[in-house]
Amino acid sequence: MLDIRNLRATVAGEEILKGLNLSVKPGEVHAIMGPNGSGKSTLTNVLSGRDGYAITGGEALFEGRDLAELEPEERAHAGLFLAFQYPVEIPGVSNLEFLKASLEATRKAQGKEPWDAVTLLRHARETCKQVDLDPQFLKRGVNEGFSGGEKKRNEIMQMLLLQPKLALLDETDSGLDIDALQVVARGVNSLRSPERAIVLVTHYQRLLDYIVPDYVHVLANGRILKSGGKELALELEQRGYGWLTGEEEASA
Amino acid sequence: MSATAQEPLNVQLKQQALALARAGLREDALQSVRRDALALLEHTEFPDKRTEQWKYTSLQALTAGHLTRVARGNGASLPAPLATHRLVLINGHYQPALSQLPDSITLTRFDGSRALAAETASDTLRTPFAWLNNATLTDGLQLDIADNTVVDAPVEVLLLATDDAPSHCQTRLRVQLGHHSRATVIERYAATGPVLTNAVTELVAGAGSQLTHYRLQAESPESLHIGTLIIAPGRDSNVHSCQLMQGNVLRRNDVRAIMAESGASLALNGIFVGRGNSHIDNQITVEHRVPHCHSEQLFKGMAGDTAKLVFNGRIHIFEGAKGTNAELSNKNLLLTPGAEVDTKPELEIYNDDVKCSHGTTCGQLDAQSLFYLRSRGIDAAEAKRMLGFGFVNELLGALPDQAVAEWARPWLEQALTEAEPAK
Numbered sequence: 001m002l003d004i005r006n007l008r009a010t011v012a013g014e015e016i017l018k019g020l021n022l023s024v025k026p027g028e029v030h031a032i033m034g035p036n037g038s039g040k041s042t043l044t045n046v047l048s049g050r051d052g053y054a055i056t057g058g059e060a061l062f063e064g065r066d067l068a069e070l071e072p073e074e075r076a077h078a079g080l081f082l083a084f085q086y087p088v089e090i091p092g093v094s095n096l097e098f099l100k101a102s103l104e105a106t107r108k109a110q111g112k113e114p115w116d117a118v119t120l121l122r123h124a125r126e127t128c129k130q131v132d133l134d135p136q137f138l139k140r141g142v143n144e145g146f147s148g149g150e151k152k153r154n155e156i157m158q159m160l161l162l163q164p165k166l167a168l169l170d171e172t173d174s175g176l177d178i179d180a181l182q183v184v185a186r187g188v189n190s191l192r193s194p195e196r197a198i199v200l201v202t203h204y205q206r207l208l209d210y211i212v213p214d215y216v217h218v219l220a221n222g223r224i225l226k227s228g229g230k231e232l233a234l235e236l237e238q239r240g241y242g243w244l245t246g247e248e249e250a251s252a
Numbered sequence: 001m002s003a004t005a006q007e008p009l010n011v012q013l014k015q016q017a018l019a020l021a022r023a024g025l026r027e028d029a030l031q032s033v034r035r036d037a038l039a040l041l042e043h044t045e046f047p048d049k050r051t052e053q054w055k056y057t058s059l060q061a062l063t064a065g066h067l068t069r070v071a072r073g074n075g076a077s078l079p080a081p082l083a084t085h086r087l088v089l090i091n092g093h094y095q096p097a098l099s100q101l102p103d104s105i106t107l108t109r110f111d112g113s114r115a116l117a118a119e120t121a122s123d124t125l126r127t128p129f130a131w132l133n134n135a136t137l138t139d140g141l142q143l144d145i146a147d148n149t150v151v152d153a154p155v156e157v158l159l160l161a162t163d164d165a166p167s168h169c170q171t172r173l174r175v176q177l178g179h180h181s182r183a184t185v186i187e188r189y190a191a192t193g194p195v196l197t198n199a200v201t202e203l204v205a206g207a208g209s210q211l212t213h214y215r216l217q218a219e220s221p222e223s224l225h226i227g228t229l230i231i232a233p234g235r236d237s238n239v240h241s242c243q244l245m246q247g248n249v250l251r252r253n254d255v256r257a258i259m260a261e262s263g264a265s266l267a268l269n270g271i272f273v274g275r276g277n278s279h280i281d282n283q284i285t286v287e288h289r290v291p292h293c294h295s296e297q298l299f300k301g302m303a304g305d306t307a308k309l310v311f312n313g314r315i316h317i318f319e320g321a322k323g324t325n326a327e328l329s330n331k332n333l334l335l336t337p338g339a340e341v342d343t344k345p346e347l348e349i350y351n352d353d354v355k356c357s358h359g360t361t362c363g364q365l366d367a368q369s370l371f372y373l374r375s376r377g378i379d380a381a382e383a384k385r386m387l388g389f390g391f392v393n394e395l396l397g398a399l400p401d402q403a404v405a406e407w408a409r410p411w412l413e414q415a416l417t418e419a420e421p422a423k
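Chains as they are written, first to last, in the working numbering: chain A, 1 to 252; chain B, 1 to 423.
It is worth saying that the hints were derived from the structure and are not from the lab.
Any given hint might turn out to be false.
Stated by the list, open to error - Footprint (simulated), chain A over chain B, 3 or more residues, beta carbon under 8 angstroms:
#: 1; segment: 263-269
#: 2; segment: 362-375
Said to hold, decoys possible - Residues from chain B shown here face chain A by an in silico Cβ test under 7 angstroms; the list is partial:
#: 3; residue: L107
#: 4; residue: I378
#: 5; residue: D379
As the list claims (entries may be wrong) - Counterexamples of contact, computed for chain B against chain A with all Cβ distances above 10 angstroms:
#: 6; residue: N10
#: 7; residue: A61
#: 8; residue: A76
#: 9; residue: L78
#: 10; residue: A121
#: 11; residue: T124
#: 12; residue: P154
#: 13; residue: E222
#: 14; residue: Y350
#: 15; residue: C356
#: 16; residue: S357
#: 17; residue: A383
#: 18; residue: L387
C-beta: ideal position from N, C-alpha, C; glycine also.
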């Protein structure tokens, strides 16, 4: 589903990804862990097409299509979803209008039947409940005045409505208390299916107690240094990253 | 005496205005108003680029001869009403057959049949175009609402300008709200064809009254509008004026609020959307002449394509006006590289015991927000439209009359769609 081969990318002229390889197949859940500044967020930003991230070598293929050639909205239409580390606040645009525009455009591009206003509202309300958000949030500006946890749950709600093939979750666990973490994890787990894949980018092992990955990768200095099963995460939890990167770092 | 093409535009315009004013002289109850205005016109130069208040706005479009021809109409149909009670003026002339007046409002026309005690002196109006309006005053509406009266439903005044050729019309509206009364007036301009509307509107709010005023300028792109709005809030009155406008060939508004009675409170809001090659110039002056008045201004502008927005917001606090609270904010969004915004706050403060704040900003759509929307499958054009709409929607949500907001939303959406850069 996702094939990243020897990917190199720069941000503001500085090379952050230095030959990264990763292969994700349908049905799999991958966790990418690594110390701060290792290139985790750069990877998700490059994959989702944010401005300012330039691919300078290698390639990233999504179901055989070169992501570099797709606009951000085309990547979404193809079934890629990024849950933002820092979801943006957009006052004046209501959550519901935003969901409507997003679902209309995406469902149309995917050849799915459009949802009428009633259907949309019904799905949106149900999904709100699923992630423990008051449906009143639908009327408010996008993420406007939301707490950190509410913003993350809003991301998961969008993901559940869009039903992507590949979900990239960028530090979705950061800033969540244990209850919110479980809500988010339930949402993500409900998306797991043989046709879909999930890539979790995280700093901490604790998310992986709730969303159990098939593979764990350690990203450092722009490359995958080590890959393994879920037990690798536990080892990282105990030993930190220093034994892999050759640098001293306190364990998380 | 006739203007020749060799003369500078401001000289030509002055001569055209004088010709109109002289042709309009007649002996009736309003003759002194017209004569005073004519005298002022005779002794004043029309503005050009060297005039500070006209630095960013050219009158070049008027070389098409708008002032030499009076708009006669082209049978354009009326837009659907916004309120149950609507008064209609076509090319400045009141249309009783098309109008419906609530019982609580008394209507008087400026037709010269009787003197109006309170006609605005020309020196209050201050601009040559407003004087021209006074000098040619033969119709228009004065709406009087008696003391201690509540006009429940909003009253719409539709001012339609129509003609197929470059021409002009003079519109006049005065609203006089009695003390401790309440009313909502929707002043709505519409136009088809290349007509210049030269508008003068006065709002006089009695002591303790509450006036909600909308100034909707939704004329067609080929029209022109030069308008003067005078607001005079009475003691302890509460005036809210909301001005929504789209760009056209030339749009210029001179707004003057005179806080001359203590305890008055004024809120001025506005949304300007420039599209195509249009031009919108708003010159706002709030004068705090007496103590303990409150004024707040929030104006939001959006310019797409090669549109140009000009904003000048002046707060003048007089020496005796202690305890004044005055705020001004103008925020602008540039949607395209070809768009232009010239904004300037001006403060003139002669009293220390005041609170006064001002701020103007000018920016582009936030790249993070744009990416966020696009990452959810919304294409770039739609994402820009949504963000632009969100920028002004905050203001619409706060309007006291949701009927106006409901009307304004699709209208603004349309303006925004048209403001999209041509690809």
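Original post:
Any hints this thing doesn't respect? Which numbers, in order?
Top reply: Checked against the structure, the hints that fail are numbers 1, 3, 17 and 18, while the rest are satisfied.
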